[in-house]
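**Student:** Keeping their order, the protein sequence lines are chains A and B.
For the first sequence, the working numbering gives the first residue as 1, with consecutive numbering after it.
For the second sequence, the working numbering gives the first residue as 1, with consecutive numbering after it.
Source of the hints: derived by calculation from the structure; they are not laboratory data.
Check each hint, because a few of them may be wrong.
What the hints assert, rightly or not - Subject to a maximum C-alpha distance of 16 Å in a straight line, what follows is the list of computed EDC-like cross-link-like pairs (lysine to aspartate or glutamate):
#1 Lys332(A) - Glu171(A)
#2 Lys100(B) - Glu249(B)
#3 Lys290(B) - Glu256(B)
#4 Lys154(A) - Glu21(B)
#5 Lys283(B) - Glu258(B)
#6 Lys154(A) - Glu258(B)
#7 Lys154(A) - Glu47(B)
#8 Lys154(A) - Glu22(B)
Everything numeric in this text was worked out from a predicted model, so none of it was measured.
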Amino acid sequence: MQAFVDRLITDGWFSGIPVELVYVLVMFLFGAIVVFAFVMPLVPLTVWLERRVWSRIQSRVGPNRVGPQGVLQGIADGIKNLLKEDIIPDAADRPLFAFAPYLVVWGFVATFVVIPFSSALIIADLNVGILYLTAVTALVVVGVLMAGWASNNKWSLIGGIRSAAQIVSYEIPAGLAILPPVLLAGTLSMQGIIHAQGWAPWDWFLFYNPFTFVSAVVFYVAALAEGNRTPFDLPEAESELVAGFATEYSGMRFALFFLAEWGNLYVIGAVVATLFLGGWQVPVWTDNVVLLNLSQFVVFFLKAYFWAFVAMWIRATLPRVRVDQLMSLCWKYLVPIGFTNLIGTAVWMVIWPQGNRVVQFGMCLLALAILVQFFRRVRFHLRRAKPELYYSPAI
Amino acid sequence: MSLAGFEVEVQRDGDEGLTTEEMTLNMGPQHPSTHGVLRFIVKADGEVMRTAIPDIGYLHRSIEKIAEKVGYHGFMPYTDRVDYVSAMQCNQGWAMVCEKIAGIEVPRRGEFCRVIASELGRIASHLLSVGTMVMDIGGYTPFLHALREREKVNNLLEELCGARLTFNYMRIGGVAWDLPAGFAEKVTAFLDQFEPLIDEYNDLISYNKIYVERLANVGVVSVQDAIDYNLVGPNLRGSGFKYDVRRDEPYSVYGELEFDVPVGTGEMGTLGDCFDRYMVRIKEMRESCKIVRQCLRMMPPGPVLAKVPRKLKPPVGDAYIRVEGSRGDMGWYVVSDGSEFPYRTKIRTGSFAAMSIIDKVSRGLMIADLVALIASFDVVAPEVDR
Chain A
1 MQAFVDRLIT DGWFSGIPVE LVYVLVMFLF GAIVVFAFVM PLVPLTVWLE
51 RRVWSRIQSR VGPNRVGPQG VLQGIADGIK NLLKEDIIPD AADRPLFAFA
101 PYLVVWGFVA TFVVIPFSSA LIIADLNVGI LYLTAVTALV VVGVLMAGWA
151 SNNKWSLIGG IRSAAQIVSY EIPAGLAILP PVLLAGTLSM QGIIHAQGWA
201 PWDWFLFYNP FTFVSAVVFY VAALAEGNRT PFDLPEAESE LVAGFATEYS
251 GMRFALFFLA EWGNLYVIGA VVATLFLGGW QVPVWTDNVV LLNLSQFVVF
301 FLKAYFWAFV AMWIRATLPR VRVDQLMSLC WKYLVPIGFT NLIGTAVWMV
351 IWPQGNRVVQ FGMCLLALAI LVQFFRRVRF HLRRAKPELY YSPAI
Chain B
1 MSLAGFEVEV QRDGDEGLTT EEMTLNMGPQ HPSTHGVLRF IVKADGEVMR
51 TAIPDIGYLH RSIEKIAEKV GYHGFMPYTD RVDYVSAMQC NQGWAMVCEK
101 IAGIEVPRRG EFCRVIASEL GRIASHLLSV GTMVMDIGGY TPFLHALRER
151 EKVNNLLEEL CGARLTFNYM RIGGVAWDLP AGFAEKVTAF LDQFEPLIDE
201 YNDLISYNKI YVERLANVGV VSVQDAIDYN LVGPNLRGSG FKYDVRRDEP
251 YSVYGELEFD VPVGTGEMGT LGDCFDRYMV RIKEMRESCK IVRQCLRMMP
301 PGPVLAKVPR KLKPPVGDAY IRVEGSRGDM GWYVVSDGSE FPYRTKIRTG
351 SFAAMSIIDK VSRGLMIADL VALIASFDVV APEVDR
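Same shape as in the complex, but just chain A (with noise of 0.2 Å):
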């Protein structure tokens, strides 16, 4: 982006203007296309999608009224939620509630700034980019903290203080899943990282050495838990604190905390695919740059969706985990997973500097045959599936 703006200031476009104004607003202005164009149609369709895979999971078949097949489902959800009465208990500390959904959103939307949707694409390579990343989702925390206790509800503060320490406890075991594809990367741009992975999946860092696969499952775990997924959506639980830090809220200050719950999926399936599946290396296809960049978008996009799509699944099929286990989970077994991890890694670095192929190789085999044997097993129970007890298995 950088590249593209200092082409522009040398033709000559913004003759007179100082030039850190050109690059604070010219930023401004790719934020918010990529805001508003990117972001803001993801979430209705995450909203569509989830609910769609959440019924077909649970053999119902889910929103299919509005649009075609169901499609604008999130847009009349957002609709209907503008249109309700903004309802603030009388009690409640006005400042720090109607500002709380903002500070979630915050640390939601500004991650998207280090994003790589493509070589060309992205709003700010910064060399610190993954943690950037990590840093500005804290925000999330003050965020819920606050809209718990403005509620003056207790059973919001509850939710609030469970959200609160759940998310800064699975920053460890993130952070530390983070730091083995750093070290091979050698940088902490997110672009770099990216570089120094290829396009084949025996090149990704995922396939790497056995620690880097137990750090992207450590990492996948733990960012479910920081965006307050089940089965760690104890902070939300529905059948036990109504909504839990967003029992008091209504319209659309309520559906800014699901926006970015939903918007946060994306999030966290970008960040396993920049880190662990090569993001949008794709193979030199065409010397055409548009077509190249246009394809590593694409390829990007799938990469990160399908992680969203997984969490679907997880959402549907797994039990909540209670407040203490969870914190144990925590504490006694991801956070020293992690650290064997990057011990792990370290050592590996040192023994074969430019990775072992054999290793590489082999765990692409073994992650391969896993593949085979799960779409075996889902062409099993979709032969089985019965027409009066599952609806047509297409979405």
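Start from chain A and add chain B according to the hints.
**Tutor:** Chain B only, in chain A's frame:
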């Protein structure tokens, strides 16, 4: 500070003036996971509860008093509402106590119809119970799978008597209608596809590690406590005590049927924890399938309803019978003064006793465990309050 007579203890920590208070929470009558309108006043030290005092009466409808106004025959639809999740057994209880006090004998085919209806109702009730228990723990999918099966049972019962929830199927002296044509085949088809689904359900959720961790060793009720607090049904059997009214004081045709009485075995934790009570219900569904199959085979032809006078005037006296409802031993007591309206009706339900033990068992549990505990006792508010 006091709340309806409950004092809050304020502890002072040394002389720094640091005070800690227990937090008094109201798990109010409107709550997504109390099964019906139940209220708990929970005093919690952070997440750990010190007491959880139930406050009942939100669903009291004076059903027992209404019996004195509508008469013996007219009370039958009201019995559905005593426990609307498994209404057939309540119908049977009222019909049996009236038959006992009036000395009416039910034709054999009527008895078999009653048992089939009761057991199908038990399957439906247990499906709902385990489904909502899993949903309270957070697994949304098994709840819907259980309800899918419950819908099939409801379809069968709708074909039988026209209603899906409040059946009003049984009458004093038998049942209202005979089984419709083709009913036996439909029930057999349902049972054939339902029994493997119980295994599928177990694969999905019952032995899931997260689920087991939530339930094992939580809310342990010892056998002595269960007897002292008058627990019945799966709550009592979950603690290992093998008592089932159908086996120990057989009524209707249960004496001729072969079925097991599952008890909790402490397989995943301690004997008498929430998981045992859950497993007892799952196993009972299988036993009910067995019973229905036997009844369909053994049913003789004949009438289903005895001749009972329209104005039933039983002799002066009283009668008490027990039926094994889905939530345990339901006791029905009626006092007659010779007129066509009962002098006094009393219904003794298992959920009322279960509410009384919740305070004792919940000391030291977390708030999340309270939800699991209430669900495992299968408390339904209409039974508690009537």
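**Student:** All hints, please: hold or fail.
**Tutor:** Verification of the hints:
| no. | hint | verdict |
| --- | --- | --- |
| 1 | Lys332(A) - Glu171(A) | holds, 14 Å |
| 2 | Lys100(B) - Glu249(B) | holds, 15 Å |
| 3 | Lys290(B) - Glu256(B) | holds, 13 Å |
| 4 | Lys154(A) - Glu21(B) | holds, 13 Å |
| 5 | Lys283(B) - Glu258(B) | holds, 15 Å |
| 6 | Lys154(A) - Glu258(B) | violated, 52 Å |
| 7 | Lys154(A) - Glu47(B) | holds, 12 Å |
| 8 | Lys154(A) - Glu22(B) | holds, 12 Å |
In this structure, only the earlier hint numbered 6 is contradicted, and the remaining ones agree with it.
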